[in-house]
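Undergrad: Line order of the protein sequences matches chains A and B.
Using the numbering used here, the final residue of the first sequence is 127, and nothing's skipped along the way.
Using the numbering used here, the final residue of the second sequence is 888, and nothing's skipped along the way.
Mixed in with the good hints, there may be bad ones.
Some, not all, of what chain B presents toward chain A, calculated at C-beta under 8 angstroms [unchecked claim]:
hint, residue
1, 40
2, 42
3, 43
4, 45
5, 47
6, 51
7, 72
8, 78
9, 79
10, 428
11, 738
12, 739
Derived coverage of chain A by chain B (criterion: at least 3 residues anywhere in the stretch with Cβ under 8 angstroms from a Cβ of chain B; other residues may be distant) [claimed, not checked]:
hint, region
13, 30 to 36
14, 61 to 67
15, 75 to 84
16, 98 to 110
When the alpha-carbon atoms are kept at most 30 angstroms apart in a straight line, the in silico DSSO-like pairs for lysine-lysine are as follows [stated by the list, open to error]:
hint, chain 1, residue 1, chain 2, residue 2
17, B, 374, A, 64
18, B, 343, B, 157
19, B, 234, B, 268
20, B, 157, B, 374
21, B, 374, A, 80
22, B, 374, B, 134
23, B, 20, B, 55
24, B, 351, B, 157
25, B, 55, B, 134
26, B, 59, A, 80
27, B, 815, B, 875
28, B, 109, A, 80
29, B, 109, B, 99
30, A, 80, B, 55
31, B, 268, B, 252
Simulated from the structure, these hints should not be mistaken for laboratory data.
Glycine residues also receive a C-beta, built at the ideal position from the N, C-alpha and C atoms.
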Amino acid sequence: MKEFQLGEFEELVLLTIGILNNVAYSIAVKDEMEDRLNRPVSLGALHTALKRMEGKGYLKSYFGESKEERAGRPRKYFEITATGKKALLFSKETRDSLWNAIPASNWQSSLKGI
Amino acid sequence: MNTNDKRPSGFLIQFFRWFCHADMVDYIEGDLREVYDRRLKTSGKRKADWGFFIDVLLLFRPGIISPRKPFQNLTNYAMLKNYFKIGWRNLSRNKEYSLINVTGLAMSITCCLLIYALVKINFSTDNFHDSPDRIYRIVTEMKSNSSYHTSGVPTPLPGLIRENESFGEEIAQIYLANNVLITNRESDGLQFYREEEGVVFVQPEFFSIFNFPLISGSYKSLEETPNSVFLTKEKAQKYFGEGDPIGRSLLLDKEIELTVAGILQDFPPNTDFQSGIYVSYQSFKSYMPWLASENFWSGISGNMQCFVLLNKGFSSQDAEKSLASYADKYPISQDTKSTYSLQPLSDIHFNPVYSGSASKSSLWVLIAIGFFLLFTACLNFVNLATARALRRSKEVGLRKVMGGVRSQLFWQFIAETGIIVTLSIFLSLILSYSLIPFVNQWFGCNLDVTVYYNVEFFGFLGLLDLGITLLAGFYPAFIMGGFSPIQALKGKSSHLKVGGFNIRRSLIIAQFVISQVLVLALVVMMNQLKYATQSDLGFDKEAVVMVTIENDSLNFKQALKNEFLRIPGVVNVSLCESAPVSGSGWRTNIGLGQGAEESDLLTIIKMTDENYLETFGLELLEGRNLNPSDTVKELLVNETLLKNLGIADPQEAMGRIVTANGGNMEGEIVGVFKDFHDNSFHTEISPMLLTTDARSYGSFAIKLNVGAGVEPLREIEEVWKDNLPEQYFEYSFLDDSIARFYESETRMLKGIQIFSFIAILIGCLGLYGLVSFMVAQKTKEIGIRKVLGGGVSNILWIFGKEFGRLILLAFLVASPIGWFLMKNWLQDFKFQVDLDWWLFIVTLATSAAITVISIGYHVIKAAFLNPANTLQTE
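Turn these sequences into a full structure, and let the hints guide you.
TA: And the structure:
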């Protein structure tokens, strides 16, 4: 767990980038997330997360074309690195193992409780 | 929709760009604009703007805000650090060089700081009152045949102005009584205090005009209680110690009983009101009834002054216009016309016409001297820095090869100078701070360290730092920055131009000029003062004690005189009105012939008994001494008076009758005495009469045996105490009083002594440093000369020739400047020394001697070096 630190929001961002494959720049990620998860995503939170994960080495980036609607500013595209992928997998496995560790009976009773 | 409407708010963009991390600002701004554009299309301008605002706000978070890294902005921080490090290393490695520079600069800066304090306190005199620009003093110009300015007004004038005129918000009439005797009769026995600053008789309005706060008591009591007095805290402590002074009493000049009614806060040092005793003006009527009289228009005392706080909306011209009518209505005398004018408060301290206490010109002289001292120190710096520039040539070359440009090197050397200058300033701050008490003692001024506690002073310091750094650092930095890198790295000094030796020569000459002018001034001043205080004044001033007495009975005075004569060691005693030389004296017009019309011949009349001539060793040219008499009967005149009366032959004067003092005084001339100096050497010898008039005798002139020491004086005091236990025994030696005429000159002389000493010392330091470099450069040359047979004297001559030439050149410049300046200074004296050639020779010799002393060590050392040692490396 120690070597792969991944917050919840970061994990979501990382996954979305995975979905978007090759066209993952900030606004596309934001749109996709808002679309799929039905929750508003602020640019501020998104960029902070992107920057942090780039710093951790989960993402790599390259500058893309600049368009008129962006007043000549380039887009920054992100790709998941191998480390990023490992981190995602690690995260999933940890959760799965936790899921699996929950006794079935527990589920029953707690369901009953509801 | 024009394009402006399609854009997000410029302010928000600016804000975003300001806070955003530089690496991210580009593409995030792109994002923001893209989102804005999309929102604009889907939901309109308002929503897009709002969304943009929220977006930017949410971006304002750690991780996006650029971190604070101050030194990233100052891109050359590391370089500056390096400059200072190198500068510091250079300083600490060349200890001698740094010491010379820092000492020189620190000494001159200390002088500057002290001069600053002195100038500041003079220019801020009385500026702390509530509205100093509305405060004026009414002054008078009296015109008859000649014109005469006085700081006073006729006694009734202030009262009339207060009643009839509207220009004054407050009018205050004051009388300054100088040199009074305060007696405290409360304590055991009598205690006498001679107050030279005197007392001031004031009306309460004085304290509405001037800002002198009371600690206890009320201003009203000055008007309501007669004979009430305010003391400053300092004075109260002096008279009464720690006890409560209110309600206690003092005796003023043995006649007026004063009651302390209030205590004033001690005055700040920058005021012209030096007295600490303020007496109710009511008491003045009993102190000097004739002057206090409400219809006394016929004379003006300079001490009877009137201060006005002008009403807003009145100018001084308005006031002067309305004062003109009083001058017409109440003339001083038939042919004397007076003109009243308003003198601004700021002028009072400086205007010599109305006896202002400071002269602006001498302050400017001080400022000039301060500047020249700084200049000398800077010259030292420039000289030494260029002389040793070669040592830094490798560094300069390397820096240039690594891409350093001239301007960078320039600033590097300027920064190094800055370090030295700042260091010196710190040193001199400490020095001047601790020197202030000594300066006060020496020059009799009242400087205060508080002048150093304000923003203005720190501004001055900053300016000084910058100014000196540029003045001293510019030239060496310019030269060193300009080294060609190839030659600099080769280390071939001959190819490098290190500020051609001629420039250094002219700097040394400039230094010599400054010190020579100062030395000349010093020599001339000392000579003149010696002449003024020690030359023969025409009478005997050695060992004469003047004792003042206040007692009307002539018999008593005669008896006391005889008692004094009995004391061993007392040679002669004369009862008289004043000594032959005294600053004050009774002047009146006289006429020749019985009942004659008085001519316009102002004559000093001295009342003396028959022993006067003998006591003071005055020489009779013609006729005989006065016969003892209690009234005016016989007269002695001096040569000047005869000349003014148009009598060529003294014998002709014998038996002529002289009328004086408006016909009240008539006497026969029985003798003529030789002229003597009756005043300081600033003024001509006045026409003078000596006559007997027992009522006027106020002093004993006691001639002591020159070798007798203090013993007779003690016995005189004993006799005094036996006969006059109620009176204060006051005496002064005549030659001390004479020396006091030249107080300001003596002070100036002390100043010049110190300043020229410092200038010379700085110059010596510079020469010492310079010659050590010169010797180092010439070691090989000297070695070769010696090998080829040159003797020690030969080597010495190399340097002697060089410096001798510089001194002579400097002397050519300095002597006319000094001659001109001193000629001007001597103008103040009616009796002056000649500017003899030997004064100039002394100056030149001093200059040469000083040079020999400062360069001698290194030069002699170089001359005696064994050439085998100096040449062995080649």
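Undergrad: Each hint should be assessed against the structure and marked as holding or not.
TA: Hint check results:
| no. | hint | result |
| --- | --- | --- |
| 1 | 40 | holds (5 angstroms) |
| 2 | 42 | holds (6 angstroms) |
| 3 | 43 | holds (5 angstroms) |
| 4 | 45 | holds (5 angstroms) |
| 5 | 47 | holds (5 angstroms) |
| 6 | 51 | holds (5 angstroms) |
| 7 | 72 | holds (4 angstroms) |
| 8 | 78 | holds (6 angstroms) |
| 9 | 79 | violated (10 angstroms) |
| 10 | 428 | violated (43 angstroms) |
| 11 | 738 | violated (100 angstroms) |
| 12 | 739 | violated (99 angstroms) |
| 13 | 30 to 36 | violated (count 0) |
| 14 | 61 to 67 | holds (count 3) |
| 15 | 75 to 84 | holds (count 6) |
| 16 | 98 to 110 | violated (count 0) |
| 17 | B/374 to A/64 | violated (71 angstroms) |
| 18 | B/343 to B/157 | holds (16 angstroms) |
| 19 | B/234 to B/268 | holds (26 angstroms) |
| 20 | B/157 to B/374 | holds (27 angstroms) |
| 21 | B/374 to A/80 | violated (75 angstroms) |
| 22 | B/374 to B/134 | holds (12 angstroms) |
| 23 | B/20 to B/55 | holds (10 angstroms) |
| 24 | B/351 to B/157 | holds (5 angstroms) |
| 25 | B/55 to B/134 | violated (71 angstroms) |
| 26 | B/59 to A/80 | holds (21 angstroms) |
| 27 | B/815 to B/875 | holds (17 angstroms) |
| 28 | B/109 to A/80 | violated (66 angstroms) |
| 29 | B/109 to B/99 | holds (16 angstroms) |
| 30 | A/80 to B/55 | holds (17 angstroms) |
| 31 | B/268 to B/252 | holds (18 angstroms) |
In this structure, the earlier hints numbered 9, 10, 11, 12, 13, 16, 17, 21, 25 and 28 are contradicted, and the remaining ones agree with it.
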